[in-house]
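Undergrad: Given these sequences and hints, build the entire structure.
Top to bottom, those sequences are chains A, B and C.
Just so it is clear: in the first sequence, position 569 is 569 by our numbering, and no numbers are missing.
Just so it is clear: in the second sequence, position 213 is 213 by our numbering, and no numbers are missing.
Just so it is clear: in the third sequence, position 66 is 66 by our numbering, and no numbers are missing.
Don't read these hints as lab results, they were simulated from the structure.
There's no promise every hint is true.
Here are the computed lysine to aspartate or glutamate pairs in the EDC-like style, where the Cα-Cα straight-line distance is at most 20 Å [said to hold, decoys possible]:
#1 Lys88(B) x Asp126(C)
#2 Lys5(B) x Glu111(A)
#3 Lys129(C) x Glu99(B)
#4 Lys124(C) x Asp295(A)
#5 Lys268(B) x Asp244(B)
#6 Lys85(C) x Asp492(A)
#7 Lys32(A) x Glu78(C)
#8 Lys423(A) x Asp295(A)
Stretch by stretch, here's where chain C covers chain B in the computed footprint (C-beta under 8 Å, at least three residues) [as the list claims (entries may be wrong)]:
#9 36 to 44
#10 105 to 116
#11 133 to 147
#12 174 to 180
Simulated restraints, written as ranges between beta carbons of each label pair [as the list claims (entries may be wrong)]:
#13 Lys23(B) x Tyr75(A): 28 to 36 Å
#14 Thr13(B) x Arg11(A): 23 to 31 Å
#15 Lys124(C) x Lys419(A): 25 to 33 Å
#16 Asn9(C) x Leu60(A): 40 to 48 Å
#17 Pro545(A) x Lys124(C): 28 to 36 Å
#18 Lys180(B) x Ser57(A): 46 to 54 Å
#19 Lys419(A) x Gly310(B): 38 to 46 Å
#20 Lys10(A) x Lys120(C): 27 to 35 Å
#21 Ser57(A) x Val145(B): 47 to 55 Å
#22 Lys122(A) x Asn22(B): 52 to 60 Å
#23 Leu60(A) x Thr133(B): 20 to 28 Å
C-beta atoms are modelled at their ideal positions from N, C-alpha and C, and glycine is treated no differently.
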Amino acid sequence: MDENLKIVGKRVIRSNSYAKVTGGALYTADLKLPGMLYAKVLRSPYPHAKILNIDVSKALKVPGVKAAISGFDAYGVKWGVFRYTQDHAMLPTDKVRYIGEDVAAVAAVDEESAIEALSLIKVEYEPLEAVFDPVEAMKDTAPQIHEQYKNNINIHIHIEVGDVDKAMAKAYIVREDTFKAKGEAYAMMEPYAVVASYANGYLDLWMPNAGPHVRAKALSNLLKLPLNRVRVRHINSGGAFGGRSEVAPGDLVASLLSIKSGRPVKLVLTREENAMCSRQVHDIIATVKTGMKKDGTIVAKEYKTIYDGGAYSSTGPIATSIPYYVYEECYRLPNVRYDGYRVFTNKGIRGMYGCHGRAFLAGNEAQMDLMAKELGLDPVEVRLKNGLTAGELTATKSKIISCGLKDTIIQAAEKSDFKKKWKKHTRNKGIGMGCVAIMCGFPMGFRSGSSCYVKINDDGQVTLITGMVDNGQGNESLAVQVASEVLGIPMDDINLVNADTEVTNLDPGSYSQAAAYVGANAVKAACEDARKKIIAIASKKLGVPEEEIDLKDRVAYSVKTPDKRMPISWITREAFFKGEPIVGTGSFFPDIDLEREWVSKPEGQMAGTYSFGTSVAEIEIDEETGKIKVPKFIAAHDCGRPINPMAVEGQMEGSVGQAGIATIFEGNMWYKGFLLNPDLLEYKVPLACDMPDIETIIVSSNDPKGPFGAKEGGLTIRMNAYSAIACAFTNATGMLFEELPLTPDNVLKLLEKNKGGKR
Amino acid sequence: MILPKFDYKKARTIEEALELYNKHDGNAFYLAGGTDLVPLIKLRLLQPKVIIDLKGIDGLKDIKKMNNSLVVGPNITLFELKQNPFIKDYFPCLFESLEATSCETLQMRGTIGGNILQNTRCLQYNKSLEWRTARGFCLKMGGKVCNVVPNSKSCFSNYCGDNAPSLMTIDAKAKLVSAKGERTVRLEKLFSEDGRSPFTIKPGEILKEIIIPLKKTKGAYEKLTVRGSIDYPLVGVAVTVKKDAAVVAVTGIGPSPHLYEIKEINEKSINEVADWAYEDARPVLNAVLTPLYRKKMVPVLIKRAFKRIGAGGGR
Amino acid sequence: MKTIKVMLNVNNEKVTLQVKPYETLLETLRERLSLTGAKESCSLGSCGACTVLVNGTPMRSCLILTPEVEGASITTIEGLKNGEKLHPLQQAFMEKGAVQCGFCTSGMILTAKALLDRNKKPEKRDIVKTMSSNICRCTGYKKIIEAVEETSKK
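TA: Printed below as a string of structure tokens:
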């Protein structure tokens, strides 16, 4: 079946595009339910303070207000991704830990009444000393943000492989660099919103999320409601990028208000609230020491990285280790010492972002280029030399299955004429390359797998039921396209019910890059189950062996004698007659080492497979103003096989903006605990005129286990575009950046410094 | 984000507008394109009792040649204004600043009058009521301190209009009308240099006309931004050259544009003005790039503008 | 506070509404007329997700007070298709893969429509300039520009 693919691999219109271009696609803030109330949240004005008292009584007296709640109305449960990071009450009763933290909320018949009521809630605080810098926060003299984390160290990840000290001592060259990066903002176009409706003992919720099942489970715990009573429903989502993965305070707020008022409640965050009070991206300070042989082989890596985690754990150890993992999955690192610290500060909570760790990568890559240059090698050579290949193990003993890394490097280098341009760089023109590997689904315990159900109508159309969720990447269409291929019926004949926790079974969600490899694999398995049953009946009815039958254009037919055919709709009716309707079930659980643990046992198979990618950026530096222009960008990504090449391209192109131009534009600015640019004007999201000329290259390494060979579709670029720009800067100036982003002021500072020193 | 309560009135004539303003005891704001005013109200930086819409007043959208001047109505949109042949032919500096303003869609809504009279900006000012309450009200909000420069008694908010500086370099005048009558002043006189209350316009005064002497000029507008569209200027430099003389206006740094004249253009005089403007620029950390950087860019942009114009002194 | 009577022509349908004086056009469209295609993303006019056409001109509806546009003809994304026939831009956006999360889509399409209505054969740089009025976080703009280019060639 494999090489005569009918629809997989084709540029198809996404199944949910029509609703989006006609204004019919509903997002959470668009929902209107009968009797719905509007919620508003009262937030902490202090970065760190004891809560002495919360009095909502006056708020309840405002006409139109139907409920008012605070943490004292919750159930005393603290949430955490891991048992050992359960520190988040969502609505605190002890202390507030960041400016903007949810403290109390009201629900009223209209927004105006809610705003008025909010102003009548009295909260008594006792301000405490706050800390905003992670290095300061680790000192003994710093204020303790959580009782249980000494020195405000949320997580310490220690990874030790081989003998780093010995290897460094024997290395031909050793280089150590320290660099920083400001955390960014997700700036997804849809501000966070939740609609919660508690009725008849069931709580229904709608919110943009990247994993409805994990969300429902978290809320079930927080509300002490059985899991079947908490139903997270399907709704369109306006971008997540990693910032909508975990349960949010807003979810608890809306739920409590709905439970109390007995009516549906809608909470919509303003853009400012979205930036300050949902998730931000970690700032980092990293020291990277690398030892290399004379021929450019990396022999040792030693890391100390500090991640500014904000006020709560969020993904905790995941965020603390992933930046290193995406690097070790790409390159051969025989000896490693990694110490990653996620540290609390009194700022908003930091989460994963386009996987996570691109600034960390950027420093590694740029350093590698400088070392390579010293050895007379160019970036292509050193990456080919150290890049992993299929069958190898990463430093923490995870096997690489399919690997198109080499192809992405070579093709991107050829297309961009990299070697020549790199050699012929000038002071203000450079070219840079960045590589990375992305794990397709990481260990999430029993939630690492996905299941799908298929039902077929007597008219031959299909309903696909899967937990997969779409935040704009095209996962919904992906499921439908895969089903269309296996069942031989057009995409338009396939209905999709997805991301509804009452109906759909467990799925890891889209935040560990699992949609194609895990979710779509389950869809394929379920469709193949149905297909088998269809073919069995067709074989009997047509008198033709099963191996000869194919499904195409709604028809089952004999490949040898094509006029022996019957519509799939007839077959489904036959099945109904027999009392055995055609249904398909299928699951996929990736081959991962479930004993692997982020902190206690950081080794073993991390993911079922990895995608690989290479970005190449050309930059021009205006030496007078420090402004960097990016005229050209080449992105090459190994997605195993593109199910919908347009979708993979779209991911790559979007990443060039969000992770390429971001390198020179984006960063959150803080004054103590106050975010200075929580809006879409002063936070510089790239515009059309800022984008380079982009060329995308899709490499197909045909993963043996991925659905039709497919792996995740484009996230490598959302990590390594950042590196490519940083490396281009290094090529032009001979310097490793000190701090990202490379905004004009930072660049000018570096250029002036450079003028003084030698190159 | 919903707006706070206020009433809306549409004025059909200037007299009606003035009357409505006086009726509400100064608790009113005039509305043109709304691209500056509406966000300020949404953030609760302004809390008017009534909004007086000026867009219905005849004659405020016209642009006509009168004697030796171009008389521009304040309600004409930036987009329309830049299409006018006089602007491109006579005033390239103004043409460039119009092109550089914001983005195309906002140019189609924003008016030249509103663009000139936009409020000054600061990272710690243009924030929601909740943000500002937590931070503490600053000088510009009626408080006692500057949140950016501790112990400062001055407000360092930035005037970020692109077009007032260009207009200043082409000798534009503003005609204002109030219940007391009309007055015409040079555009630079509109600025008070006080960030708390950036304009010398009297309460209720309406900008009626912008009068520009119709003389062919050479000119350029240099704008420093991070992005290529939408952004306000982090530094803006307008230069207009008439024969051997030039006028330079610097915007984006501080509460009002700074104006400089060169009587005879040559490399020396350009450098002098560049140095002078550098000295005068006192940016603080109230915009997204560092103050020292923005200060450094002032002379860079001035020299670039002259170079592009090709008037003596270019390298 | 008294409401104001406003008559609008929305997607070729006359509507008469009683609106608050301090109501934005975006609110009116989304809350009173259930036309939720225009989105609230930044509320302050910085992003263009709320763009609708007012007498054919693209405007950020979050910055317009509804009483200001009394008598105007408003076109929202919902009004673009002709019966069941999609506007060529809607078709192109789908075919070119220019829609990912979709939140910016209605603003993008309407802004592009206004461009093509006033300039039938725009250069690519004109398209880029116009579309730089709207923020998209997902697509990197390439396929959006291609969709507009392709439509302009038809």
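Undergrad: Assess, step by step, whether the Cα of Lys32(A) is no farther than 20 Å from the Cα of Glu78(C), and give holds or violated.
TA: This hinted pair holds, its Cα atoms lying about 18 Å apart.
Undergrad: State, for the Cβ atoms of Lys419(A) and Gly310(B), whether the hinted interval 38 to 46 Å holds or is violated.
TA: Distance hint for Lys419(A), Gly310(B) holds at roughly 40 Å.
Undergrad: Check the hint pairing Lys268(B) with Asp244(B) against an upper bound of 20 Å on the C-alpha distance.
TA: holds, 13 Å
Undergrad: Taking the Cβ atom of Leu60(A) and the Cβ atom of Thr133(B), is their distance within the range 20 to 28 Å?
TA: holds, 22 Å
Undergrad: How does the segment 174 to 180 of chain B fare against chain C when you require at least three residues with a CB closer than 8 Å, holds or violated?
TA: Check failed, 0 qualifying residues.
Undergrad: For the hint 40 to 48 Å, verify it against the beta carbon of Asn9(C) and that of Leu60(A).
TA: For Leu60(A) against Asn9(C), whose Cβ atoms are near 43 Å apart, the range 40 to 48 Å holds.
Undergrad: For Lys180(B) and Ser57(A), compare the CB-CB distance with the range 46 to 54 Å and indicate the outcome.
TA: The hint (46 to 54 Å, Cβ to Cβ) holds, given that Lys180(B) and Ser57(A) are roughly 53 Å apart.
Undergrad: At the C-beta level, are Pro545(A) and Lys124(C) separated by a distance inside 28 to 36 Å?
TA: This hint is violated: roughly 56 Å between Cβ atoms.
Undergrad: Quick check: does the Cβ-Cβ distance between Thr13(B) and Arg11(A) fall within 23 to 31 Å?
TA: violated, 59 Å
Undergrad: Is 27 to 35 Å right for how far apart the beta carbons of Lys10(A) and Lys120(C) are?
TA: Holds: the Cβ-Cβ distance is about 32 Å, inside 27 to 35 Å.
Undergrad: If you count the residues of the segment 133 to 147 of chain B with a beta-carbon closer than 8 Å to a beta-carbon of chain C, do you get 3 or more?
TA: With 0 residues close enough to chain C, the hint is violated.
Undergrad: For the segment 105 to 116 of chain B, does the count of residues with a C-beta closer than 8 Å to a C-beta of chain C reach 3?
TA: holds (count 4)
Comparing the model with each earlier hint shows violations of hints 4, 11, 12, 13, 14, 17, 21 and 22; every other hint is respected.
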